[in-house]
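Visitor: One-letter residues, chain by chain:
Protein chains: 4
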Amino acid sequence: MSAPRPVILDLDPGHDDAVNILLALASPELRVLGLTTVFGNVGLDRTTRNALITRQIARSDVPVYAGADRPLVQARISAEAVHGESGLDGPHLPIPTRGTEDEHAAAFIIRTVRAHPGEITLIPTGPLTNVALAFRLAPDIAPLVREVVWMGGSTDTGNWTPAAEFNALADPHAAHVVFGSGVPLTMIGLNASHQAIAHPARVGLFRDLGTPTGAFVADLLAFFAEHHLERYGWDGGALHDPLTVAYLLRPDLFTVQPMHVQIDLSGGPSHGRTVADLWHVTGKAPNAQVMTHVNADGFFQLLRDRIATYPA
Amino acid sequence: MSAPRPVILDLDPGHDDAVNILLALASPELRVLGLTTVFGNVGLDRTTRNALITRQIARSDVPVYAGADRPLVQARISAEAVHGESGLDGPHLPIPTRGTEDEHAAAFIIRTVRAHPGEITLIPTGPLTNVALAFRLAPDIAPLVREVVWMGGSTDTGNWTPAAEFNALADPHAAHVVFGSGVPLTMIGLNASHQAIAHPARVGLFRDLGTPTGAFVADLLAFFAEHHLERYGWDGGALHDPLTVAYLLRPDLFTVQPMHVQIDLSGGPSHGRTVADLWHVTGKAPNAQVMTHVNADGFFQLLRDRIATYPA
Amino acid sequence: MSAPRPVILDLDPGHDDAVNILLALASPELRVLGLTTVFGNVGLDRTTRNALITRQIARSDVPVYAGADRPLVQARISAEAVHGESGLDGPHLPIPTRGTEDEHAAAFIIRTVRAHPGEITLIPTGPLTNVALAFRLAPDIAPLVREVVWMGGSTDTGNWTPAAEFNALADPHAAHVVFGSGVPLTMIGLNASHQAIAHPARVGLFRDLGTPTGAFVADLLAFFAEHHLERYGWDGGALHDPLTVAYLLRPDLFTVQPMHVQIDLSGGPSHGRTVADLWHVTGKAPNAQVMTHVNADGFFQLLRDRIATYPA
Amino acid sequence: MSAPRPVILDLDPGHDDAVNILLALASPELRVLGLTTVFGNVGLDRTTRNALITRQIARSDVPVYAGADRPLVQARISAEAVHGESGLDGPHLPIPTRGTEDEHAAAFIIRTVRAHPGEITLIPTGPLTNVALAFRLAPDIAPLVREVVWMGGSTDTGNWTPAAEFNALADPHAAHVVFGSGVPLTMIGLNASHQAIAHPARVGLFRDLGTPTGAFVADLLAFFAEHHLERYGWDGGALHDPLTVAYLLRPDLFTVQPMHVQIDLSGGPSHGRTVADLWHVTGKAPNAQVMTHVNADGFFQLLRDRIATYPA
Ligand SMILES: [Ca+2]
Ligand SMILES: [Ca+2]
Ligand SMILES: [Ca+2]
Ligand SMILES: [Ca+2]
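Protein chains in written order, with the UniProt record's numbering: chain A, 1 to 312; chain B, 1 to 312; chain C, 1 to 312; chain D, 1 to 312.
Calculated directly from the structure, the hints in this document are not laboratory data.
In this text, all values refer to a predicted model and were calculated from it rather than measured experimentally.
Virtual Cβ for every residue (Gly too), placed ideally from N, Cα, C.
Check the hints yourself; a few may be wrong.
[Said to hold, decoys possible] So these bits of chain C aren't anywhere near chain A, every CB distance computed over 12 angstroms:
id: 1; residue: 59
id: 2; residue: 200
id: 3; residue: 238
id: 4; residue: 250
id: 5; residue: 267
id: 6; residue: 268
id: 7; residue: 304
[Said to hold, decoys possible] Here are some, though not all, of the chain B residues that point toward chain A, as calculated from beta-carbon distances under 7 angstroms:
id: 8; residue: 98
id: 9; residue: 101
id: 10; residue: 156
id: 11; residue: 227
id: 12; residue: 275
If we strip away everything but chain A, and leave its shape as in the complex, we get:
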């Protein structure tokens, strides 16, 4: 087995972000160098607190760096309706006993990428503000990043507006910076994550583990499901964020296609849309690998197996 791949998780936990942290920290193929937090599903203070809580549940000592509390340009929108007031409503949440590091998330990203040129994979599962700030403060680092694997956007419909997915809409200018940076980039959007529904049988996979971590994940998924039932009439929530880490662990479970993606910054009804050139009508060179198909059973099995490694 090759050396573990060094990664930074950039998140706005958020139920599915929390599951992604647990998945990454349970995966020997990865070495998680840090968790960086960003506003998003809820405010930065709460996403940061939720990162600290999840780290504690994972019994990890990975450092946590707080980042942007608002988008690069526009005003903040929030997603409290989906994730509850805390951002992790559902399970019982412990009080975190350790805090964040002093460094800004963007500074940590810059420093780490420079220290490991060509090696670092960034895994943002929230608005791309921290990554964009890092890329603008240190234009030298984009060519030094190994890969960015982002959960966000959509090739079909949005979820926050008819056109736009939440992470993209929450900071489209940041997305524009990252998609224009030349960095190797994978976009995992709603069109993919809507193939990964945590319906009751899949929630049961985690409940049946009989461990605290299994119960925590099951509680997260169960809470998350309620919103999806209301809006889409589905019997489970789309488990967006863990597709990122799962894709790095098992690319064979997924299909990705190269295409050009432009971020809509128009201020019109499609503001924040990831306009994906699925049929290559623009003639523009691809700037992203876009996930188009998910082996959902394989994905949930992988996730269950990794969560199962947490102690009882």
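Assemble the complex: chain A is given as a structure, and chains B, C and D with the ligands must be docked to it using the hints.
Guide: Frame of chain A; chains B, C and D with the ligands shown alone:
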């Protein structure tokens, strides 16, 4: 059987428009009061000529009215790459022996709707310029139109840009006028028509009729297929426009859902997109019935049966 | 003296439109073929009524044609705060004894231009909707129009938004059509009309005529002044619309400069702005003569002299 | 006399930026804590070099911090046509013997503002990228800044497009961040600086000093004038940037008015415009003091007097 439904076909023939004319004129459930032409797939002179040609092939004396030669606001784009120079490349085309009426298409629409309040169904299968001009010149008529059934737009990807379908992109301001008019409106977009592929076996249905009209339709479909093969890798062309008349004849073959559709007029990368609120995230009242599912076999069988009524 | 120049006044009276009608009808250099009305300062029903009233005050039999009751594309805004509920608040208004013609304003414009190719000057002093509808319905007429002299837009600040003047903002898509039509075009915007303030001494010029028409004009100007005092702190209203006819009568009183003007259709904060390339930074060819300087004393003297010709 | 006011000059030298450095460093009322550089008139490498050169000419040891080499969101435009290839074409330029500090301009701004809460005045005379990066990285500092005095924007016409001034157009998203930050803000735009023309007599004021610094300033002004002659037909260049420091030194020479300014981010023809609500038509609370009048003779005299303090 009830009295036939009076309709006006507003078109930019175009292969699939021509098939739609033939379908409508062969359907006793409809009474076609006129064909109105608009720029679109090719310039107005050629779409008008193609309407005249198709009328002649159908041995019909329905009047033809020429309309707008350019969009309501923006500059003209054209679709010659898809439809060939004539707009009907493929079959042998006769020289039309009868011309158009003197009245402008918009004036004909206004006069006809006023003469039959609550009765007229408009079936546009090109840019909506003529309908928008009529609605702006005579604001009294929108409440008098029975229904508009339009081929255009998309709830997922576009075909002329990643975001926009051709008929919508060709005159989005006109689409905005029609979608904002309060008229009962059905939108049949690419998401529907991409379910109606004229693959070789389906083209054979028409060839096998052994009639001149059957051969004409088969030739149209065969030519149209080539473009789709190149772009999408499909083994046939999507038969967009005849879905409109087919939907009026046999609504049971289709699923439509009410939703709010906003036209993107931003000038950005999603300009011309029919932003459809599939998941009702905007809270805006539906302004259109949007087709979401097509029984393709049923549709092609219907079309074959009607084309079969043309004499040998 | 050469034959009088045939003109059509297209208006949304409106105090200054009414004065423009009186000025034109008192000027032997012009032959007013018709008044066409458009929504604008108030709704179409009232702008049309105000045109009829003003015609009656002028003891003229020029025909009046009602036109568009709403903009080409967007929703209607209104200017009642400036012009009062009637659109002509201030003077006593007679009840008009004669009505409009049956023809739509756009149809009248089309018919008249075709009948007098190269001769007709259009003088719109409201939103450009009627002219745009005519140009789109009959693309052949733009090259047949002698000249369009429009009051609207601004090279500096707006009055309805910081960026946009009312007539331009009320239908920017129509303005886009006209500015893109290739027609010889003069734009008289706020930057010019703000040089033509009807301060009390100038109002007195009309009051002192001692005629009913002089009193009518004085009453209009006095009412109009109040709004300007509130907003700008000026001691009189800017007499926008009559600059159009005055410019045709006495071009020596004005400076115009050729420049490229683009209409902002972005939907952003500058929507409706007439973006004028005063310094030729775009390299685009001029599409309009833009008025930059007004000899205000000369203008008011001219106006007074013509109003003085109305009988006591 | 009170303690000198601590300031940071954030610049993209640029002829007028260089004059502003010399003015500030010759003014005992100010304590210049640092020069921060940004891309703009030319690329960051050259604006930084020009800051170093100007510091050397001023015989100052103020630290220089390099900042952003590109805008916050969009792609870079440049102004080489105006400032020559070096960005300081015209005078003989010495080779700088001392370099920049290691810290990023934004980090220096953050650190300095936090160390002197409520005291620091930022004087940006280029694109606002560094200030915006600082405000987004450290949202706590906007309330700690004493004042921002920016040269940029315009209440009337632009210079890079018909609508937009160069510094605003070069990074409108950064301007949006700063104008939305709540910081006390003065905007000195083209409408003001076009009142401060360095015509030959005024250039002579500096030439006549008979000092190297006087000659340097005269050479800068003379070169800068050529561009203005070509474009505007003026007999001198508008001396934009030194109005900022002059305003802090002698506010009595200027008129400023509070108004709301919105940055146009539409992507349309007014993109980058500082849409200034001069007539308070929006009802929005002012977010800037906007300079409307300049006592140009007083300004040039002040500048001459300060440049005169440099040794012979
Ligand atoms: Ca997330
Ligand atoms: Ca068609
Ligand atoms: Ca008017
Ligand atoms: Ca500068």
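Visitor: If we take the beta carbon of residue 268 of chain C, is the closest beta carbon in chain A still more than 12 angstroms away?
Guide: violated (6 angstroms)
Visitor: Would you check whether residue 227 of chain B satisfies its interface hint, that is, whether its CB is within less than 7 angstroms of any CB in chain A?
Guide: Check failed: Cβ of residue 227 of chain B comes no nearer than 12 angstroms to chain A, outside 7 angstroms.
Visitor: Could you check if residue 98 of chain B really has its C-beta closer than 7 angstroms to a C-beta on chain A?
Guide: Since the shortest Cβ distance to chain A is 38 angstroms, the answer is violated.
Visitor: Mind checking the CB of residue 101 of chain B against every CB in chain A and telling me if the closest is under 7 angstroms?
Guide: Residue 101 of chain B check fails; min Cβ-Cβ to chain A is 37 angstroms, beyond 7 angstroms.
Visitor: For residue 238 of chain C, which was marked as not at the interface, is the minimum beta-carbon distance to chain A over 12 angstroms?
Guide: Label holds. Min Cβ-Cβ 32 angstroms, cutoff 12 angstroms.
Visitor: According to the definition I'm using, a residue is off the interface if its beta carbon is farther than 12 angstroms from all beta carbons of the partner; does residue 304 of chain C meet that for chain A?
Guide: It holds; residue 304 of chain C is separated from chain A by about 48 angstroms at its closest Cβ, greater than 12 angstroms.
Visitor: With a cut-off of 7 angstroms on the beta carbons, see whether residue 156 of chain B makes it to chain A.
Guide: At about 5 angstroms, which falls below the 7 angstroms cut-off, the nearest Cβ of chain A leaves the hint on residue 156 of chain B intact, so it holds.
Visitor: Please check whether the beta-carbon of residue 200 of chain C is more than 12 angstroms away from every beta-carbon in chain A.
Guide: holds (45 angstroms)
Visitor: For the restraint on residue 275 of chain B, tell me whether the closest CB of chain A is nearer than 7 angstroms.
Guide: holds (5 angstroms)
Visitor: At 12 angstroms, judged by beta carbons, does residue 250 of chain C keep clear of chain A as stated?
Guide: holds (44 angstroms)
Visitor: Checking a non-interface call: every C-beta of chain A should be farther than 12 angstroms from the C-beta of residue 59 of chain C. Is that right?
Guide: holds (51 angstroms)
Visitor: Just double-check residue 267 of chain C for me: nearest Cβ-Cβ distance to chain A has to come out over 12 angstroms.
Guide: violated (6 angstroms)
Against the hints set out earlier in the document, violations occur for numbers 5, 6, 8, 9 and 11.
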